[in-house]
Amino acid sequence: MSSFKIYKRLDLTSSSCAGPIGELSGVMDEVNPGEAVEVIVADEATKKDIITWANRRRFKVVDQGQENGKFKLLVGK
Amino acid sequence: MLKRIAILGGGAAGTMVANRLAKRLYKELKSEQVEITLFSKDENHIYWPGYLFVAFNLDDPESFKKREKELLNPSVKLQTEEVNKIDLNNRTLVLKSGASYQYDYLVIATGSEYHYEEIQGYDSVVGFYDEIHALKMRETLNSFSGGKIVVNIARLPIRCPPAPAEGTLILDDILRNRGIRNNSEIIFTTPINMIIGIKEAHALLINEFEKRGIQFVPYFTVASVDPQNKVIESQEGDKIKYDLLIGVPPHSGAQVIKASEIGDRMGWVPTDKYTLQVKDHPEVYAIGDATDLPISKAGATADFESYIIVDNIISDLRGEKIKKTYDGSVMCFAAAGLGKATVFRFNYTIPPNPPTPLDTLWWVKLMYNKLYWDITARAIL
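If you read the protein sequences in the order shown, they are chains A and B. Counting from 1, one number per residue, gives the positions in the first sequence under our numbering. Counting from 1, one number per residue, gives the positions in the second sequence under our numbering.
Since the hints were derived computationally from the structure, they do not count as laboratory data. Keep in mind the model is a prediction, meaning the values are calculated, not measured. Check the hints yourself; a few may be wrong.
[Unchecked claim] Calculated lysine-lysine pairs in the BS3-like style (CA-CA distance at most 30 Å, straight line):
| hint | chain 1 | residue 1 | chain 2 | residue 2 |
| --- | --- | --- | --- | --- |
| 1 | B | Lys41 | A | Lys60 |
| 2 | B | Lys85 | A | Lys8 |
| 3 | B | Lys23 | A | Lys8 |
| 4 | B | Lys273 | A | Lys72 |
| 5 | A | Lys77 | B | Lys199 |
| 6 | B | Lys273 | A | Lys70 |
| 7 | B | Lys273 | A | Lys48 |
| 8 | A | Lys70 | B | Lys279 |
| 9 | B | Lys85 | B | Lys41 |
| 10 | A | Lys77 | B | Lys279 |
Please model the entire structure based on the sequences and the hints provided.
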């Protein structure tokens, strides 16, 4: 478990023009230090893309797991 | 008893809802059982995708602007005084003059706002997201004789998400037509890993980029622009020198949402993805760019959403129990260069399968620029 406060939960399993990273990046812009966003994505490739993106932006992937065939990540600032 | 429906916002979303409601509720409006009032701080209605054509000198700003009053069904009341606050708990809108308006149903269609000022030096860009920057781009391109062009998406989400890629491909064709593509470089930069965040759309576009020699730079989140030395720098630590910078500004929800403290920190309204009702307020709906939904901020999204909201308000007014739900439908014609276009059509569960770009779809896109006013805004269909 982490000490990050969850600011929002995002279901990113649907199609969107911004894509999962675009939607998440928009929300991470509003997140304060010490807060995190919980995201659900549909596949492992997207999960890996988010981890790559988070590392480049120096966000922390605080937690990750799997639930009902979907992938869950906790991304903190 | 009179029921009052307030629609906040005179863009595509608000106007469609007002006109569709007015058509369906003509008996109730005539017998004064229902009142529909649209609040818009601007007397003009803008068709925002038109600025893509203005920036490339393919059309003029006047083609994409009409008086809101001319678009609204005559039975809809238009109030152009600015709304300063939405009081959801007391079902009241507070106007700039201090006057208030009580509603039974509210549709929040307040759209997006741009924030060039959030990034140092970003107001120096040209672009196709508003009239000022589109006219600046038209003028700059007119005297452009070649060099390095950087296209940048500052933040996501943005309205009309395919537009930056459309603009890049049209630009490539225009430079070729003018014989200056060989001494020009085009670089597309975005904070994410794809040109558009849907893999099927990205696959089509990256193929076009590669064919044309357009460089794609992912994971580039702009930190600042130095217009003197013509350098754009990213939060990831990369710097690119440019001769011409085409920018898509950061977006947020409307000021009235922030002032009313009814949105998230970016001013997007928390909205149920299926019912489009605002969280904890079943008599309030949000539509189009104003929502916090992870779908596309586009007029076509609002078009699909408007049918659901209109049906559900009418169903509620008539005491019916059946409610419709939104399936996440989006459709847009996207230019794939000058003279060709494709179409992105998808929903929450079915991804798009865009066809190979065709000239006929380009003509459909151009035609729609003209048909928008009647088919969509005036809601004749």
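Now for the hints, and whether the structure bears them out:
1. B:Lys41 x A:Lys60: 42 Å, violated
2. B:Lys85 x A:Lys8: 25 Å, holds
3. B:Lys23 x A:Lys8: 39 Å, violated
4. B:Lys273 x A:Lys72: 20 Å, holds
5. A:Lys77 x B:Lys199: 27 Å, holds
6. B:Lys273 x A:Lys70: Distance ~19 Å between lysine 273 (chain B) and lysine 70 (chain A) Cα, so the pair holds.
7. B:Lys273 x A:Lys48: Within the cut-off at roughly 26 Å; holds.
8. A:Lys70 x B:Lys279: 25 Å, holds
9. B:Lys85 x B:Lys41: 13 Å, holds
10. A:Lys77 x B:Lys279: Since the Cα atoms of lysine 77 (chain A) and lysine 279 (chain B) sit roughly 26 Å apart, the hinted pair holds (cutoff 30 Å).
Of the hints listed earlier, those the structure fails to meet are numbers 1 and 3, in rising order.
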